[in-house]
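There are 2 protein chains.
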Amino acid sequence: MAEDHTGLRDMNERFYRALESLDLEAMDVLWSHERWVRCVHPGSDAIVGWQEVRRSWQEIFATTRWLRVTPTAVDVTVLGGVGMVACSENITAANEDDVGLAVAQATNLFQRTPAGWLMVLHHASPSPVQLTSPETGSA
Amino acid sequence: MAEDHTGLRDMNERFYRALESLDLEAMDVLWSHERWVRCVHPGSDAIVGWQEVRRSWQEIFATTRWLRVTPTAVDVTVLGGVGMVACSENITAANEDDVGLAVAQATNLFQRTPAGWLMVLHHASPSPVQLTSPETGSA
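These protein sequence lines map, in sequence, to chains V and W.
Quick note on numbering: the working numbering labels position 28 of the first sequence as 28, and the sequence is numbered without any gaps.
Heads up, the working numbering is the position in the second sequence plus 1000, with the first residue counted as 1.
Looking at chain V on its own, in the form it has when it is part of the complex:
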């Protein structure tokens, strides 16, 4: 059980490193390639099936110049062969035109397979942003 928690935290961490690195090959390894896997990017419609999910990452990576995503409040629940990892995503992103800050709430689901935990769902939704001024330390 403790092993499952560690494994799931590790997979979640690897997912955000792949995202930050704009690394499609790492996504290939992290995700299950089933036709029913799902992805909801913040404020977007659901994407179903690995080929479509992969294409969405490819498009995001193609239009992103620089991305930092720091997961906080990471919460792991093991439900038999399914691992639910919930977290807040603290996002700083730059594309060609500008830089944006955002916070999203994520539910990440992983399925236990002979090859280890594989991602089967990423659902992220916009969260009310609480920005802290670096000078005053207050909101």
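Just so you know, the hints here were simulated from the structure itself, not pulled from any lab data.
Check each hint, because a few of them may be wrong.
Covered by chain V, per the in silico footprint, the following chain W stretches (three or more residues, Cβ under 8 Å) [stated by the list, open to error]:
| id | stretch |
| --- | --- |
| 1 | 1013 to 1025 |
| 2 | 1051 to 1062 |
| 3 | 1072 to 1084 |
| 4 | 1101 to 1114 |
Quick list of simulated restraints, FRET-style, between CB atoms [as the list claims (entries may be wrong)]:
| id | chain 1 | residue 1 | chain 2 | residue 2 | range |
| --- | --- | --- | --- | --- | --- |
| 5 | W | H1033 | V | Q51 | 18 to 28 Å |
| 6 | W | A1002 | V | T70 | 41 to 51 Å |
| 7 | V | D75 | W | G1116 | 18 to 28 Å |
| 8 | W | D1028 | V | L101 | 35 to 45 Å |
| 9 | W | W1066 | V | S21 | 44 to 54 Å |
| 10 | W | V1074 | V | S44 | 13 to 23 Å |
| 11 | W | Q1051 | V | E13 | 25 to 35 Å |
| 12 | W | N1095 | V | W66 | 19 to 29 Å |
| 13 | V | V48 | W | V1029 | 42 to 52 Å |
| 14 | W | L1101 | V | L24 | 31 to 41 Å |
| 15 | V | A62 | W | H1033 | 42 to 52 Å |
| 16 | V | R55 | W | G1116 | 36 to 46 Å |
| 17 | W | G1080 | V | D10 | 30 to 40 Å |
| 18 | V | S56 | W | V1074 | 15 to 25 Å |
Backbone N, C-alpha and C define an ideal beta-carbon position, used for all residues, glycine too.
Could you slot chain W onto chain V? The hints should help.
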């Protein structure tokens, strides 16, 4: 397997009927009362634990006069003891002041228990709304 799919569709349907009916007692029966169950309402932070989740429904019901939620594109996946039901929520809501239309993408998770499938996650996020004019049938 077919039984699981039918049971999960039924639970998902019951969840939306409870929501439309602003029926907290029905939510009590549908949801698992574990301390780790989670709920993300559209555009909001995550709520963790049944008592907090229940309170959030209570607050929504107290400030809602009238609510219709029609789930479409319902997609059921059974992963051992976990049922993932994804759908689009087509929402019409009225509070004291006005009426709003919205579409949300939902991931609903249910856990298999001796008492049947119980809800353990509701994650809903705002979706781009495509409103169709009833006169022209076009967007």
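So, going through the hints one by one against the coordinates:
A count of 0 residues in the stretch 1013 to 1025 of chain W with a Cβ less than 8 Å from any Cβ of chain V is obtained; the coverage claim is therefore unmet, three being the minimum. A count of 0 residues in the stretch 1051 to 1062 of chain W with a Cβ less than 8 Å from any Cβ of chain V is obtained; the coverage claim is therefore unmet, three being the minimum. Coverage of the stretch 1072 to 1084 of chain W by chain V holds. Counting CB-CB distances below 8 Å, 8 residues qualify, and the rule asks for three or more. Remark: the stretch 1101 to 1114 of chain W is confirmed as covered by chain V, as 4 of its residues place a Cβ nearer than 8 Å to a Cβ of that chain, reaching the required three.
Evaluation of the 18 to 28 Å hint for W/H1033 and V/Q51 yields a failure: the beta carbon distance comes to about 39 Å. One distance hint, 41 to 51 Å for the beta-carbon pair W/A1002 and V/T70, holds here, with the actual separation near 43 Å. Taking 18 to 28 Å as the suggested C-beta distance range, the pair V/D75 and W/G1116 conforms, at roughly 25 Å. Evaluation of the 35 to 45 Å hint for W/D1028 and V/L101 yields a pass: the beta carbon distance comes to about 39 Å.
The given range of 44 to 54 Å is respected by W/W1066 and V/S21, whose C-beta atoms sit roughly 48 Å from each other. Evaluation of the 13 to 23 Å hint for W/V1074 and V/S44 yields a pass: the beta carbon distance comes to about 19 Å. For W/Q1051 and V/E13, the Cβ-Cβ distance of about 30 Å falls inside the hinted range of 25 to 35 Å, so the restraint holds. W/N1095 and V/W66 have their C-beta atoms about 41 Å apart, which leaves the hinted 19 to 29 Å range violated.
The hinted window of 42 to 52 Å between V/V48 and W/V1029 is violated, with their beta carbons roughly 30 Å apart. Remark: the range hint 31 to 41 Å for W/L1101 to V/L24 is upheld by a beta-carbon distance near 37 Å. Distance hint for V/A62 and W/H1033: a CB-CB separation of about 45 Å, consistent with the stated range 42 to 52 Å. The hint said 36 to 46 Å for the Cβ distance between V/R55 and W/G1116, and at roughly 37 Å that hint holds.
As the Cβ distance of W/G1080 to V/D10 is approximately 21 Å, the hint placing it in 30 to 40 Å is violated. A beta carbon spacing of about 21 Å between V/S56 and W/V1074 agrees with the range 15 to 25 Å that was offered as a hint.
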